[in-house]
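Here is how the chains run, residue by residue.
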Amino acid sequence: MNGVHDMGGMDGFGKVEPEANEPMFHELWESRVLAMVRAMGAAGAFNIDASRFYREALPPHVYLSSSYYKKWLLGLEDLLLDKGYLAREDIAAGHAVKPAKPLAPGKLSVSDVERTMVRGKFGRPAPAPAKFKAGDRVRARNIHPTTHTRLPRYVRGHLGVVERDHGCHVFPDTAANDAGENPQWLYTVVFDGRELWGPGSDPTIKVSIDAFEPYLEPA
Amino acid sequence: MSEHHDHHDHDHSELSETELRVRALESILTEKGYIEPAALDAIVQAYETRIGPHNGAQVVAKAWTDPAFKKALLEDATKAVGTLGHVSRVGDHLVAVENTPGRHNMVVCTLCSCYPWEMLGLPPVWYKAAPYRSRAVKDPRSVLVDFGVSLPKETEIRVWDSTAETRFLVLPMRPEGTEGWSEQQLAELVTRDSMIGTGFPKLPGAPS
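As given, the protein sequences belong to chains C and P, one line each in that order. Position 204, counted from 1, in the first sequence is what numbering that gives the first Met the number 0 calls 203; the numbers after and before it change by one each time, with no gaps. Position 84, counted from 1, in the second sequence is what numbering that gives the first Met the number 0 calls 83; the numbers after and before it change by one each time, with no gaps.
Looking at chain C on its own, in the form it has when it is part of the complex (with noise of 0.2 Å):
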């Protein structure tokens, strides 16, 4: 969906701020939605596709003002809902008063955290042969999804080159919808500044992104 997650090439935010000997976290609720979600996540109540859309999609003004993790917080609650893990009515009473929807695998037990902390695998056998190669001049297509998507708005239409193959993975536009990991081939595809940002734009510098197959076509 074109939504103001979508910040590439986006002006008026402002310096950068680093802040000096940052905690790993500023409120203790945060860390405990952090542990929510990936818990829930390893629970199999959702997948990371989906717990990204349903950051995206909060509206523009809350996805702006809200911390990083209030929008992990607000994500995951709308999220819990529509998919009936959770009820309007179990937040009113702020307890469980609504039946508890079976989930597979089930809760994540302390002697399985340590799985949780290395990466999901995404990479899948491939079905088809891959259509591009390195070195290959591709463009992204012009393309505007309502639902989720990973080709972000600053490239498409683009011309660039492929860089390289990182073979097949799950496929976020459908796997977020509940539509299946339908895999396809991942490449780094690499664009000039001055393609992306016009002739007056700084000269050295080169952006990549990693498209999806059905993000690309020949040029």
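Relax, there's no trap hidden among the hints.
The following label-pair restraints were derived from C-beta to C-beta distances:
(1) C:25 - P:29: 20 to 30 Å
(2) C:141 - P:74: 26 to 36 Å
(3) C:113 - P:26: 22 to 32 Å
(4) C:87 - P:29: 17 to 27 Å
(5) C:142 - P:154: 29 to 39 Å
(6) C:60 - P:22: 17 to 27 Å
(7) P:147 - C:64: 20 to 30 Å
(8) C:132 - P:201: 32 to 42 Å
(9) P:102 - C:87: 51 to 61 Å
(10) P:99 - C:109: 43 to 53 Å
(11) P:201 - C:129: 34 to 44 Å
(12) C:140 - P:32: 38 to 48 Å
(13) C:104 - P:23: 23 to 33 Å
Just so you know, the hints here were simulated from the structure itself, not pulled from any lab data. Computed from a predicted structure; not experimentally measured. For each residue, glycine too, the CB sits at the ideal point set by N, CA and C.
Keeping the supplied structure of chain C fixed, place chain P upon it in accordance with the hints.
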């Protein structure tokens, strides 16, 4: 989508309201049998004690001292890091990118906050915030200025936007004046920001 009518915040007490809301959610999910608070404690503890930029620093220092490891790292970083028993395990699709005199690498996630957690720990707030995400792909030199970093004007800047499940670790250039240093001494010079590409390693003799 769910409705968002309950998402407005009250300025006077946002934190306490949020805290109550988080506690209530944890209670509900626990009562429903979905989560175990002790498992949440263990997840938080792992990030607070074990997973941080010291992992990435060890990898960088090893690459600076062992050419065969460096070659393996640049070819397949997940596999190469997996051979180091003392570094925490790392997931698939880690890619190491090397800074050279002619090319400086910088990593961003314009769409959310993708970051090599296992190598660098949880990302800092600035990495997840709008100023960095919006500007890094359009005007990375001005972003570097915000970090007090300047590069020769002819140096190529390559920005890696982390749009998939690949994760990028910058291999910075080894500082001059460190000939003969041990891996452990070198690791002390490797900063988190130097592995994101928004900084350089510390110089020998600089205050830590």
